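Could you build the full structure based on these sequences and the hints that come with them?
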Amino acid sequence: MRSAPRVALWGVAVVVPLAFLGVFFAWPVATLVGKGFVVDGHVDLSGFADVFSAARTWRIVGLTLLQATLGTAVSVLLGVPGAYVLFRCRWRGRGLARAVVTVPFVLPTVVVGVAFRSLLVDGGPLGFLHLDGTFAAIVLALVFFNYTVVVRTVGGLWERLDPRAEQAARALGASPWRAFRTVTLPALGPAIASAASIVFLFCATAFGVVLVLGGIQYGTIETEIWIQTTQFLDLRTASVLSVVQLVVVSAVLVVAGRARSRRERALSLASDRPVDDRRLRLWHRAADGTRSPWGGDLVPALVTALVVVVLLLVPLVNLVVRSLRVDGAWSLASYRALGTVGDRGALSVTVWEAAGNSLRTASVAAAIAVVVGGLVALVVSRRPRRRLGRRAVGALDAVFMLPLGVSAVTVGFGFLVTLDRPLGIPIDLRTSGALVPIAQAVVAIPLVVRSVLPVLRAIDPRLREAASTLGAAPGRVLRTVDAPLAARSLGLAIGFAFAASLGEFGATSFLARPDAPTLPVAIFTLIGRPGAGNYGMALAASCVLAALTAAVMLLAEQLRGERQGGEL
Amino acid sequence: MTGRATGRAKTLTALALTVAGALALAGCTSDGDASPSPTGTGAVAATGPVTLVTHDSFSIDKAQLAAFEKKSGITVKIVKQGDAGQLTNQLVLTKDAPLGDAVFGIDNTFATRAMEAGVLADYRSPALPKDAEQYLVGTHHGGATDQLTPIDYGDVCLNVDHTWFTTKKLAEPTTLDDLLKPEYKDLTVVENPATSSPGLAFLLATVAAKGEDGYLDWWKSLKANGLKVDQGWEDAYYTDFSGADGKGPRPVVLSYSSSPAYTLSKDESSTTTGALLDTCFRQVEYAGVLAGAKNPGAAQKVVDFLLSPEYQSTIADQMYMYPVSPDATLPTAWEKFAPLADKPWVVDPDDITTHRAEWIQEWTGAVVG
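Protein chains in written order, with full-length UniProt numbering: chain L, 1 to 568; chain U, 1 to 369.
If you are wondering where the hints come from, they were derived from the structure by calculation, not from laboratory data.
Accuracy of the hints is not assured; some may be wrong.
Covered stretches of chain L (in silico footprint by chain U; criterion: 3 or more residues with CB under 8 Å from a CB of chain U, positions within the stretch not fixed) [to be verified]:
id	region
1	15-26
2	228-240
3	375-389
4	408-419
One side of the interface only, derived from the structure: several residues of chain L facing chain U at Cβ under 7 Å [unchecked claim]:
id	residue
5	D122
6	G123
7	G173
8	L211
9	V212
10	Q217
11	T431
Note that this is a predicted model, so its numbers are computed, not measured.
Note that beta-carbon positions come from the ideal geometry of N, C-alpha and C, so glycine has one too.
Below is the structure:
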């Protein structure tokens, strides 16, 4: 008797997210890609032969893989020490630093283009490095965007990892490095794999940043799909490339999934609060009182300081400085202008109103993403006994990552051909504005899943079994075992989802109503128009977006802090 | 399926008309012609909601639009869909379930693409000035047609930074060939024709100037002379161009003939940049009524409104283009500092549609490699 409602409950947890993803992702994408393979009512797959016989295609696929692999590798290498310093150690200003590293993640690419390129361009402050238009510049920019994904995803698990295992290893004589390598690193494995797969998908589908920073010689599958779809409407070629993209992305997800499941197991999580009471100690003090840089926090602290200051802060400060310069003098004029609609009415609303729109839309999107993503994470965190069940759970996990790996153009154009009367409902969703938070949520869901899942999976199943044996109903197990532990990662998930929605531009630019533009859309409009006033306003508005993001992340940290201190 | 959709559209139109009629009665307005007219080819009702699909750069004065809505009984919903190319392609893609009733922003580089795909309904606006008829587009297949109504136009030209050339004591280049000279090495930045509408316009200018057989050689020589290609106008103008606020390194940029009106000196007596009028391609932007529009009568009125003296006089400030109406007023800075080319380079719209993809691909092969 007890199992009927239970099955129904799990059924809902599976069906609701799948229906959402089906209507707002799978159906539009499949319809558009299908159009490319149907000519005069016949299926025509000759596009494959044409596209694959072009040497350019292979170069594009190669470049896509190369830049995504390098971008991911560098982000992980730099991000893991960052996760340690920002989440495992305690020091003054840590909260602010955590918020700052999130800022690049939400900046519109046009603005990152200005922030980066005006530094790197010949005659710019860093022009002597000759990085402008190089492959290295693309990789650096990809790290600029994605550093925070690694730091937050890995840090989220690290801060709750029970330190006693590592302490035991140390007590038994292992060197700090060895203790890290053999005890801590394997425990962080799932989170690192999680972060790496997200970053890889972001890098593989990066569009604006590749075009702006790399110049045109570094075309990727994504830029090619964009050009073939929006400029030539050559759906035959675009569809083949979309399939190639899907294959590449799926292959990566499968590999990442394997890597995760091999490592994933119940970890010993510190039960009541994050283990952050470890002070940042730069030097290792040996028993005889001598100080050595090895074994202390000096190396990770230096690496992190270098990344945060040079890679993240320099471009951001450059942006702030430029927003404060008007006609060669310091001025707040650009900020004062944010209360206006721009030179000669460039915008339909003021920048502050656009910021209000952004906050409203992002709140709705984050709410959708947390509900849907939370359900997915809950289902995927289970380990069914039967093989088939395990496979199904693995597939569900991968399917919800796909929105990060499929071109925003394919999704956007897919909306146009499917959502004129969705499911026969006579509302033209395409032009209603209601799609904006939905499209943002589709992108934010994978982030929620990836932040909550490592924590849920790390819960020792014996805890749940013990609760059941003691007579707790399944709902009560969820409430008393899963929920309290997952709740701590929820702050992170909400923050992430909110930030992703705040900065989302690709799909939003297709869907936002001109009378209610979001902040990134307003910035794009301003910078696309001549006149010093509009340019200054675009930069000032970007700084507002950056500050807004930092504030939201700080707030999310606060919420998390309260929860941690509570009864949970 | 089609029958049902049409039936639904009719029901909606009737509903809209009833509502509009009721509102008109309630407001005691004298708009007697708002009542539904019998079906037929003659009078079409012209009130109610209209969705105007346009590109990202579209802009209109709010008060002006509100005044038009009040006077006409039409409510205008604006939907922006990318640049001119994206806009056209999205309309082609959604032909069977149109995104709206009227369109503004298809330009002459995409005009026949839209016409051949059957995206537009015929409409010749009575408000079209005689002078603007030169911009009407025909196709080789159908002669001049009434599908697209010219609204504004402008020239895409190379711009130079006067200050930079004065400081360096170097004569400014004036022609396309000048740019290939060694003294102008590493000075030029343009936009990619595959990703930017001014980039495409300039590629067409070089095709017109150098011929289909010669344009690639010109581009190869320019590449050898240190050409920089950016993906979009923002990037080229604000990051690489020395004459704009970004203070980049290059004094020659691909922009518009109107751009110098926005780089005025402090006292507004001169401008610090100028357009090279021998390097220009003329862009014309069109409006039209979409085939399958739910409210075609009101969509026609919206096209008429875009040609009205009130809107035409705001085009320079709102759209950075020149109005087609000779009676429209221009800002003073434009009259002084934004001259049009006497003889812009021209490519037949039909040829553009036929060869666009081919030219861009050839260009990519030659310049990007």
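* To do: List, from low to high, the hint numbers that the structure doesn't satisfy.
  => 1, 3 and 7
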